[in-house]
Amino acid sequence: MVLEVKDLTTTYGPVTALDGVSLSVPAGKVTAVLGANGAGKTTLLRTVSGLVRSRSGSVLLDGQDITRVQVEEMVRRGMAHVPEGRGVIAELTVEENLRLGSLFRKDADAEERIEEVYTQFPPLDSRRKRSAHTLSGGERQMLVVGRALLAKPKVLLLDEPSLGLAPLIVNQIFTLVRHLVDSTGLAVLLVEQNAKSALGIADTGVVLNLGKVVATDDARALAADEGLRHAYLGF
Amino acid sequence: MQQFVNITLNGLTVGFIYSAFALCLVLIFRATRIINFGQGAQAMFTTYIALEVLQRSGSYALALLTALVSGFLLGGIVERVIVRPVENGPEINAVIVTLGLFVGFVALAAIVFGNSFEGFAAPFGVRGISVGDATIAITPNNLYNIVAVLVAMALLLCLFRFTSLGLQMRASAFGQEVARLLGVRVGRMLTLGWALAGMFGSLAGILIAGGSFISPSFMDGVVVFGFVAAVLGGLDSFVGAVVGGIVLGLTTNYVQGYVGQELQTLAALAILMTVLLAKPGGLFSSSVARRV
Chain A
2 MVLEVKDLTT
12 TYGPVTALDG
22 VSLSVPAGKV
32 TAVLGANGAG
42 KTTLLRTVSG
52 LVRSRSGSVL
62 LDGQDITRVQ
72 VEEMVRRGMA
82 HVPEGRGVIA
92 ELTVEENLRL
102 GSLFRKDADA
112 EERIEEVYTQ
122 FPPLDSRRKR
132 SAHTLSGGER
142 QMLVVGRALL
152 AKPKVLLLDE
162 PSLGLAPLIV
172 NQIFTLVRHL
182 VDSTGLAVLL
192 VEQNAKSALG
202 IADTGVVLNL
212 GKVVATDDAR
222 ALAADEGLRH
232 AYLGF
Chain B
25 MQQFVNITLN
35 GLTVGFIYSA
45 FALCLVLIFR
55 ATRIINFGQG
65 AQAMFTTYIA
75 LEVLQRSGSY
85 ALALLTALVS
95 GFLLGGIVER
105 VIVRPVENGP
115 EINAVIVTLG
125 LFVGFVALAA
135 IVFGNSFEGF
145 AAPFGVRGIS
155 VGDATIAITP
165 NNLYNIVAVL
175 VAMALLLCLF
185 RFTSLGLQMR
195 ASAFGQEVAR
205 LLGVRVGRML
215 TLGWALAGMF
225 GSLAGILIAG
235 GSFISPSFMD
245 GVVVFGFVAA
255 VLGGLDSFVG
265 AVVGGIVLGL
275 TTNYVQGYVG
285 QELQTLAALA
295 ILMTVLLAKP
305 GGLFSSSVAR
315 RV
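Same order as they appear, the protein sequences are chains A and B. The numbering used here puts the first residue of the first sequence at 2, with every later residue one more than the last. The numbering used here puts the first residue of the second sequence at 25, with every later residue one more than the last.
This is chain B alone, in the form it adopts within the complex (with noise of 0.2 Å):
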């Protein structure tokens, strides 16, 4: 029974993070068509500007300020520069910049910063809570991944649901043409999409690197399961994304504590082919037909 406590409560951790960054992939997916493939390697580098301001300064809150901040503005400098020109143009192109994007960090970062793991402190303590006389696995970190997480996305569907500026967003998402005739500035919208993405991407970096190592590569499973949590929820999905973390965290873990620590990457292929043979827009896909 303890076993099985720890293993959900550490399936729940790793699942709101693969949410948070499902979340910035369905961002701008939405927005934009595009499957940001870079967005891992700009968390990992907003992630080394933190852990610079980190070391400097010895202050957490300022180096989490650092990472938000500057994943906001690499996120909208890398839209209105690098994508923006491949916009409208064929998906390939896209992914091939977004690839190159994902290719460019990572080595800029190891130039920048070396090619080396450098630990990042964790701002919580790392030892498990005891309950009476067992120990739950959940440290006083965890909690502080989970609710940063939760209370993020609690933003996030605040600006979407509440404010003119989240209708406009959607509104650009959902029909550029229109939204223009009615006066949104669709191209400034699609700019602040992926640089909230962009901020997402940078929390989730943060978190996954406290209490662990960081180097160039870090992000690279991160974004793998990230984005399979993503097409769980069908791509254009908010609930689905922080869904498809979650079931995609829990499953794995359940499959690393009874099965075999191996399986666990295939256990993340078998659910995802199990859901697109099922259902293959995803669990929660927004999109309705449209007449065209």
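With the rest of the complex left out, here is chain A (with noise of 0.2 Å):
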């Protein structure tokens, strides 16, 4: 497994946002959170990178715990979050953006890297010197997993990346996190409210209700269990 979530709680006073929520992701795989508005998702994705500290359960990266580990060494140790609502520095310009992604590594291809990013992603190319607020939604979600995937993480944890996108762009970049998925082994846990589109390139779908997990299944399988769907999926 590259990450491993057991029986995580957390709070904020007296709410008890995560209740006990075990998951894991192993290399290769996507593992999708579902659920509706307040049921945690966004929660375990920030408990998991320390940006929140849980109250009790553990978060182990490659077996390692990292459960106390400051936030700013998470990327260090291989651990990339690409937080809900983008998450782009829009005052700094699209290549500042990408620096800050391989700031830490020391590689020397560090520069090709970039390059690679906007052959990736060709609407970033002819933007790199403009400010990160002059692009579109989902020029944006370009940006922030182009500058995650620089840092090289074994596990990538994307909260919401269809939140306010076309359905066009939505579908672009799920194809290529589940190509990079396919390709690189990188392991993806996925955040969704969009649970039809996310199913559709998860391998393990996992549901959560009032911070505790209901379902966890093979994403196939989620999809086809009416009931479940019905009841907490909205499709």
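By construction, these hints were calculated from the structure, which means they are not laboratory data. These figures come from a predicted structure and were not determined experimentally. Each residue gets a CB set at the ideal place from its N, CA and C atoms; glycine is no exception. Be aware that a few hints might be false.
[Claimed, not checked] Among the chain B residues that face chain A by a calculated CB cut under 7 Å, a handful are:
no. : residue
1   : Ala195
2   : Phe198
3   : Arg204
4   : Leu205
5   : Arg209
Reassemble the complex: the two chains are provided individually, in unrelated frames, and hints are given to aid placement.
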């Protein structure tokens, strides 16, 4: 397992946002976490990457306990987290945003790898020196995914990548993620409200409701389970 | 005509110093959304230290170096020890803490260095340069002030534009959470920002002191004008701070020269109100609307 979450509980004051959540993400697989607004999906990712401290439970990356590791350290350990709402730094240029992605990697080929991102996402290429706030929603998503991959993570946490994007763009991004997972063995923990699209590219689905896991199953099996779909997934 | 040239040159000199001071307020505001009201008092304190060095060693270069290094250290220590605990709390807490810094440093300076005025020798001549048979009001010391501020600004610009450290500092200022997720050690960047601001403030302090007198309250006026300059520029723009400082320096000098000295401060207030009425965000605010 690349990423293992065991019995994770997170509270905000008196509110329990995550209640004993366990799940795992193997290399080369996509695990999708689904559920309604307020189910605890974003809190799950924020707790895993250390932005929020858990009350109990543990997070393991490649078998190592990283529950108490500082956020800044996570990316060095091999975890990249693309937060909800794109996470571009709008005041910086496209190029600067990308340079931040390979910041702590001392690889000699950092420049080349930035060029690869431009090849992969041509719309970014023509906007290198432009401020990131001029980008469209889809381009911003390309930028943050490209930037996260520059850190060469073992596991990628994606929070609502489809939010506010046209279906065509969502499809493009999901296809790209799936391709990366298959070709590089990247592990992806995907959080989505758009359950139908997410189950389309996921291997495993985990359904959250009010902070608890109510179902974990093969993605296709989940998509076929009509009762569950109606109750929690809204399609 | 000669009077106009002289007033303009004087205004520029003063303006550059306001700019330098506005820059350090902007440095801190961008990174932590805090106005450091203690900035002037910190600079006053390091200028006193520099004066001690100057009096003992007789070397201005050594005094300048002392001012810059102690300003850097003081800024960093203030952030790490005093400001850090209130950084994420309500804004009013930070305001009160920095006001406390102001009062504290002024009091401490009065205790340590005394409350009287002390002369600070100018490093360069303070007599106007002669061109033909006219004497221009700009002195070698004025020129030194302008050049010193310009060099410092250029170095700061290079740091922010062309180095990885500068990029990390900007990322920390504009997107703290994202920066942390990308592995930027945001805490260190904030300390560094305050340290750089402290250094810039100390530079402004020692430049103003040169050829003049210092006392525990000698920076108070500069704080006010520097703050106005920073607000004019939008509080989070380096260019804005520089332009704001120069505009303010020139205007207050024109008012002083052609209208009357007593109206100088009023003029600063008038400019501030006019700009804020027309452009509430300041002239060069670089913040953009952010999706939340």
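Worksheet entry | Violated hints, by number in ascending order, as checked against the structure | Violated hints: none at all, because every hint is consistent with the structure.
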